[in-house]
Amino acid sequence: MQQFVTLTIDGAHVRAVKGASVLDVAIEFGICIPHLCHVPYLSDLGACRLCIVEHVHDGRSKITTSCTLLVQEGMVIRTNTEKIRKLRHNIAELLVAQAPNSRAIQDIAVLCGVKEVRYPFRNSDCVLCGRCVRVCTEIWKAQAIGFVGRGKERRVDFPFGVRPDFCKQCGSCVMLCPMTITPCEGPMKPGEEHLCGKCESQVSAAQTMPGACVWCELGKGFQCARYV
Amino acid sequence: MPRPDHINDLEDLRMQLSAEHTHFTKTLTFCGGTGCQASGSLSVIDAVKDVLSKEGLDKRVLVRVTGCHGFCEQGPIMVLEPGNIFYCHLTPDDAHDIVIKTVSKGEVIERLLYTDPVSGTKVGTEAEIPFYRAQDRQLLSQNRLIDPCSIESYIVLGGYRSLTKALTEMPPVAIIEEIKASGLRGRGGGGFPTGRKWADCWAAPGDEKYVICNADEGDPGAYMDRCLLEGNPHLVFEGMMIGALAIGARQGYVYVRKEYPLAVKHARVAVQQARELGLLGEHILGSTFSFDIEIARGGGAFVCGESTALMASLEGKVGEPRPKDVHTVVDGLWHKPTTLNNVETWANVPSIIMNGASWFASKGTKGSKGTKILALTGRVKNTGLVEVAMGTPLRTVVFDIGGGADNGRAVKAVQTGGPSGGCLPVDKFDLPIDFEALAEAGSMVGSGGMVVMDEGTCMVDVAKYFLAFLQDESCGKCVPCRLGIDRMLEIISDITEGHGRPEQITLLEDLAETVGETSLCALGKSARNPVLSTLRYFRDEYEAHINQKRCPAGVCKAMVEYAIDPEKCNGCGVCRRACPHGAISGKKKQVHVIDPETCRKCGICQSECKFEAVVIK
Numbered sequence: 001m002q003q004f005v006t007l008t009i010d011g012a013h014v015r016a017v018k019g020a021s022v023l024d025v026a027i028e029f030g031i032c033i034p035h036l037c038h039v040p041y042l043s044d045l046g047a048c049r050l051c052i053v054e055h056v057h058d059g060r061s062k063i064t065t066s067c068t069l070l071v072q073e074g075m076v077i078r079t080n081t082e083k084i085r086k087l088r089h090n091i092a093e094l095l096v097a098q099a100p101n102s103r104a105i106q107d108i109a110v111l112c113g114v115k116e117v118r119y120p121f122r123n124s125d126c127v128l129c130g131r132c133v134r135v136c137t138e139i140w141k142a143q144a145i146g147f148v149g150r151g152k153e154r155r156v157d158f159p160f161g162v163r164p165d166f167c168k169q170c171g172s173c174v175m176l177c178p179m180t181i182t183p184c185e186g187p188m189k190p191g192e193e194h195l196c197g198k199c200e201s202q203v204s205a206a207q208t209m210p211g212a213c214v215w216c217e218l219g220k221g222f223q224c225a226r227y228v
Numbered sequence: 001m002p003r004p005d006h007i008n009d010l011e012d013l014r015m016q017l018s019a020e021h022t023h024f025t026k027t028l029t030f031c032g033g034t035g036c037q038a039s040g041s042l043s044v045i046d047a048v049k050d051v052l053s054k055e056g057l058d059k060r061v062l063v064r065v066t067g068c069h070g071f072c073e074q075g076p077i078m079v080l081e082p083g084n085i086f087y088c089h090l091t092p093d094d095a096h097d098i099v100i101k102t103v104s105k106g107e108v109i110e111r112l113l114y115t116d117p118v119s120g121t122k123v124g125t126e127a128e129i130p131f132y133r134a135q136d137r138q139l140l141s142q143n144r145l146i147d148p149c150s151i152e153s154y155i156v157l158g159g160y161r162s163l164t165k166a167l168t169e170m171p172p173v174a175i176i177e178e179i180k181a182s183g184l185r186g187r188g189g190g191g192f193p194t195g196r197k198w199a200d201c202w203a204a205p206g207d208e209k210y211v212i213c214n215a216d217e218g219d220p221g222a223y224m225d226r227c228l229l230e231g232n233p234h235l236v237f238e239g240m241m242i243g244a245l246a247i248g249a250r251q252g253y254v255y256v257r258k259e260y261p262l263a264v265k266h267a268r269v270a271v272q273q274a275r276e277l278g279l280l281g282e283h284i285l286g287s288t289f290s291f292d293i294e295i296a297r298g299g300g301a302f303v304c305g306e307s308t309a310l311m312a313s314l315e316g317k318v319g320e321p322r323p324k325d326v327h328t329v330v331d332g333l334w335h336k337p338t339t340l341n342n343v344e345t346w347a348n349v350p351s352i353i354m355n356g357a358s359w360f361a362s363k364g365t366k367g368s369k370g371t372k373i374l375a376l377t378g379r380v381k382n383t384g385l386v387e388v389a390m391g392t393p394l395r396t397v398v399f400d401i402g403g404g405a406d407n408g409r410a411v412k413a414v415q416t417g418g419p420s421g422g423c424l425p426v427d428k429f430d431l432p433i434d435f436e437a438l439a440e441a442g443s444m445v446g447s448g449g450m451v452v453m454d455e456g457t458c459m460v461d462v463a464k465y466f467l468a469f470l471q472d473e474s475c476g477k478c479v480p481c482r483l484g485i486d487r488m489l490e491i492i493s494d495i496t497e498g499h500g501r502p503e504q505i506t507l508l509e510d511l512a513e514t515v516g517e518t519s520l521c522a523l524g525k526s527a528r529n530p531v532l533s534t535l536r537y538f539r540d541e542y543e544a545h546i547n548q549k550r551c552p553a554g555v556c557k558a559m560v561e562y563a564i565d566p567e568k569c570n571g572c573g574v575c576r577r578a579c580p581h582g583a584i585s586g587k588k589k590q591v592h593v594i595d596p597e598t599c600r601k602c603g604i605c606q607s608e609c610k611f612e613a614v615v616i617k
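Quick mapping for you: the protein sequence lines, in order, are chains A and B.
Each residue of the first sequence is one higher than the one before, counting from 1 in this note's numbering.
Each residue of the second sequence is one higher than the one before, counting from 1 in this note's numbering.
Careful, some of the hints might be misleading.
To be verified - If you only want the chain A side, here are some residues facing chain B, beta carbon under 7 angstroms, derived:
hint, residue
1, Leu69
2, Leu94
3, Phe158
As the list claims (entries may be wrong) - Using 27 angstroms as the maximum straight-line C-alpha spacing, the simulated DSSO-like pairs for lysine-lysine come out as follows:
hint, chain 1, residue 1, chain 2, residue 2
4, A, Lys141, B, Lys428
5, B, Lys428, B, Lys381
6, A, Lys83, B, Lys525
7, A, Lys168, B, Lys317
8, A, Lys83, B, Lys49
Read the hints as simulated data drawn from the structure, not as lab findings.
A quick note: this is a predicted structure, and the numbers were derived from the prediction, not measured.
Virtual Cβ for every residue (Gly too), placed ideally from N, Cα, C.
Throw the hints in and build the complete structure from the sequences for me.
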């Protein structure tokens, strides 16, 4: 039999299935927490850090990712404080400066309120969200791709850089990849990378009720779990 | 050697072993730690042993090769007991004199004595050396009495007595209460209360539990864990056994980095010897307690010093941290409750059990008890391992023990806590070595690294160095650490290369806070410290770099210009010949000139010039 716990998210008392993650529960209840590496049917990595929330415990608040935090009885969560918004904005800014050539990343930047990018743009092809690696490993049990290298050299690759036989070219990795969704105006040329920001109107409805999901179009771009 | 099958047998064995050593009238203690070995101690030891056997003294004089004493800079070193005579910088040629003059006749050889760099006088005995005198060496002092490859020498000195006490007199709860009452906190960097960690692990559900000793010490310049594991492995094992007894573990792991071959070797020898004596294995000393230790070698990744990454590595996976929303005391190695402590933390346990919590708590401050080993390096006269009571002011360590700056310049700052720590300026030197006090000042006790910097150090360059280290060692899993540190380094590199903009300081602060708050593991969380602490105390240096394009310490190459002082140059031509870029011109016996266009600022001319004519503008 399913067991339930009650927790508080942004002041709302929420009844959730024991074992669920805070992110899943929040999204189900229409609370907007931006996320990138989280995919509902895959394990959680805690890599993108966009879904950070404040977990208030014993009078102290601790910042942690909601995708890896499991619900507990009496838990108090704040998803939309000024501090969280600022940190989320900074992470989104780092992401969009690294890989502006993706509608998904641009949409996340808009959602997190990035208005200008204070770093020189790079034109990276991968943000190492690990969606492809996890779908290949967990759903298809193929392990045809994985993370290679450490730190700056970290990348997704085939074993020893050669596509193995057991990669059936199913395309799941491509389907989940946020970098395959090009910006609306087509791919940006090297040297012309910029912050798009054309979809800012999408978040105008959310401004009157901060933190609430308004079914914005942006979510489709970065494959928000609410649309899956 | 008889195998002790009962707890009382260990005492008998101890008496028997100490009786065996009475025919030695003198003891020559040589340091055989990695530092002294690198300075050639092994050949000195061989030479001394040769002379001793030629002179027929080898039956009366004991040559003991021990682990590190901490004064590595003076190596190879030797102490003769009785007499406490301390010799340093030994060479194999000194062996004859040592045996004939000092050992046989009791004469002190002046040239081998230690010279105090502060006063310039020779110091006769080890106890009088200022470097040692100001310390409180609870753990390190045992190193020079113990041969790490001999369990006998550990047992003779009362080894495994704490274990028998714990086995006979203390139920697990009492052990945990004792550790809790002692106020012992993790020595690896986090400073988490050890007793609380044990209690949580004890209370965690599950029959299978593990203890792990974290010896994956990776901070540049720090080697306290190596010194303990290399010099006194049984002390660490005894601590682990007591911990295992308390939480109910049957298996322990020592995770030691592969760059410490001597520590790995000594730990393996020690495990073998303990197993042979029945101190590890099934039914230890005839009790119901069974426990074994396995030595695991790490691959040399800094991030594997983080507990979850270490556990992943032990499991044979990639050494990457995972979120710790459920603590490792509940969900650790192979998802079993696991207690992971640093080498130094484990080494503190036996003496707490033996002497009681109040003895341990009598040293230190309100929140930080006991002693802490620090690795003192940088621009001080005396470098090496230093053990002081918690609460000792930084000033005492830098000036009384370290002897102040080594080159006549003034000390400017001290960097505490390794790459993730922060830099504290001289006016903060009255701060005590205390977890809270240093954290409040923007640095940390960390694992105990302590790098002293003088006026010739550029603080922006220091921050850049540590960021480059952290960027290199980041696993790359989470965005703030991978991209955040990279961007911080990009900004600081801009500043040191003279392209800095005033608004970048605010950006740097903002970014450092984000990286610190949101990173997945402690590597990223503490990566803000080198940036924020230098910004807090040495903001003027950042501003000088940005606004005036000037490096006050004359370190950042992009902002300095080499020139030849015409008053001092006598035209010898050494610099002209040494310059690899052909940037110096001048006729013989005439003043030379550096062409700033061609000069690559390598500094070779400056180090070659004997007349100090090459200056930095």
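Comparing the hints with the structure gives:
1. For Leu69/A, the interface hint holds, the least distance from its beta-carbon to any beta-carbon of chain B being 5 angstroms, beneath 7 angstroms.
2. Taking 7 angstroms as the C-beta cut-off, the interface hint given for Leu94/A holds, the closest approach to chain B being about 4 angstroms.
3. With a least beta-carbon distance of about 16 angstroms to chain B, the hint placing Phe158/A at the interface is violated under the 7 angstroms criterion.
4. The straight-line distance between the Cα atoms of Lys141/A and Lys428/B is roughly 56 angstroms, outside the 27 angstroms bound, and the hint therefore fails.
5. Proximity of Lys428/B to Lys381/B is assessed by CA-CA distance (about 20 angstroms); at most 27 angstroms being required, the pair is judged to hold.
6. Between Lys83/A and Lys525/B the alpha-carbon distance is near 16 angstroms, which keeps this suggested pair within the 27 angstroms criterion.
7. Of the supplied pair hints, the one linking Lys168/A and Lys317/B holds, its CA atoms being roughly 25 angstroms apart against a limit of 27 angstroms.
8. Taking the CA atoms of Lys83/A and Lys49/B, the gap is near 67 angstroms; set against the 27 angstroms cutoff, the hint is violated.
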